[in-house]
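Trainee: Below are the chains, spelled out letter by letter.
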Amino acid sequence: NAGVTQTPKFRILKIGQSMTLQCAQDMNHNYMYWYRQDPGMGLKLIYYSVGAGITDKGEVPNGYNVSRSTTEDFPLRLELAAPSQTSVYFCASSYYDSNYGYTFGSGTRLTVV
Amino acid sequence: RKEVEQDPGPFNVPEGATVAFNCTYSNSASQSFFWYRQDCRKEPKLLMSVYSSGNEDGRFTAQLNRASQYISLLIRDSKLSDSATYLCVVDTGRRALTFGSGTRLQVQP
Numbered sequence: 001n002a003g004v005t006q007t008p009k010f011r012i013l014k015i016g017q018s019m020t021l022q023c024a025q026d027m028n029h030n031y032m033y034w035y036r037q038d039p040g041m042g043l044k045l046i047y048y049s050v051g052a053g054i055t056d057k058g059e060v061p062n063g064y065n066v067s068r069s070t071t072e073d074f075p076l077r078l079e080l081a082a083p084s085q086t087s088v089y090f091c092a093s094s095y096y097d098s099n100y101g102y103t104f105g106s107g108t109r110l111t112v113v
Numbered sequence: 001r002k003e004v005e006q007d008p009g010p011f012n013v014p015e016g017a018t019v020a021f022n023c024t025y026s027n028s029a030s031q032s033f034f035w036y037r038q039d040c041r042k043e044p045k046l047l048m049s050v051y052s053s054g055n056e057d058g059r060f061t062a063q064l065n066r067a068s069q070y071i072s073l074l075i076r077d078s079k080l081s082d083s084a085t086y087l088c089v090v091d092t093g094r095r096a097l098t099f100g101s102g103t104r105l106q107v108q109p
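Keeping their order, the protein sequence lines are chains A and H.
Sequential numbering from 1 applies to the first sequence in my numbering.
Sequential numbering from 1 applies to the second sequence in my numbering.
The following block holds chain A by itself, in its conformation from the complex:
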């Protein structure tokens, strides 16, 4: 039982490059989330999805895009990377809604130079 799997674990991007952070869960969870965590700070919600085909913006969506074509996968796309996007990105999922708490992936550590 893998839970929530994120790839890659580490990545260095140059300013202006693009990349996709992958997130997959095998728990048949409906809800999935992307958070970013800057050093010494709490997690900030980027995007979330309540089911396949349905996504919505969180607190800090600018510079990111998401899609949810299947229940299992919720990739996060960074277009035109900027140094301000240097952060640790966590994907999480929950069965129904946030009242059940989340299962997190192990994170992607991204540096934009």
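Honestly, the hints are just simulated from the structure, not real lab data.
We put the CB at the ideal spot given by N, CA and C, even for glycine.
All clues given are correct.
Just the calculated beta-carbon pair ranges, DEER-fashion:
#	chain 1	residue 1	chain 2	residue 2	range
1	H	T18	A	A82	42 to 48 Å
2	H	Q69	A	G16	42 to 48 Å
3	H	R41	A	P83	18 to 24 Å
4	H	P8	A	V113	26 to 32 Å
5	H	S49	A	D56	20 to 26 Å
6	A	D26	H	L46	17 to 23 Å
7	H	R41	A	G3	16 to 22 Å
8	A	I54	H	S28	25 to 31 Å
9	H	S49	A	S69	27 to 33 Å
10	A	A52	H	R66	33 to 39 Å
11	A	G51	H	R1	30 to 36 Å
12	H	P10	A	D73	35 to 41 Å
The calculated lysine-lysine pairs, modelled on DSS-like cross-linking and capped at a C-alpha distance of 25 Å, are:
#	chain 1	residue 1	chain 2	residue 2
13	H	K79	H	K42
14	H	K79	H	K45
15	A	K57	H	K45
16	A	K14	A	K44
17	A	K57	A	K44
18	H	K45	A	K9
19	A	K9	A	K44
20	H	K2	A	K44
21	A	K57	A	K9
22	H	K42	A	K44
23	H	K45	A	K44
24	H	K2	A	K57
25	H	K2	H	K45
26	H	K42	A	K9
Footprint (simulated), chain H over chain A, 3 or more residues, beta carbon under 8 Å:
#	segment
27	32-42
28	45-57
Got chain A sorted already, so can you dock chain H onto it with the hints?
Mentor: Showing chain H alone in chain A's frame:
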């Protein structure tokens, strides 16, 4: 005012000590409350949910005070392995949880 506020610490305590963290939240309509634990450079992991009547899990006790809009976490008989950052997490009426910035605990031998 932040939606979820925590004292960042660090709290430095000796092994065996009892330590308590508080967290305040701004949305009086919040219904779900959690404590998560995050080790350095790792993902957050659910420590315990917080119920209205208070709840205990081994050495950990969580309390909720709706009138004052705060939740607390009490750790008894601290172990070295309890050293981590403890995140207060609240549903703030959106479809996703809001995380506090965390309180760092360092248990010393």
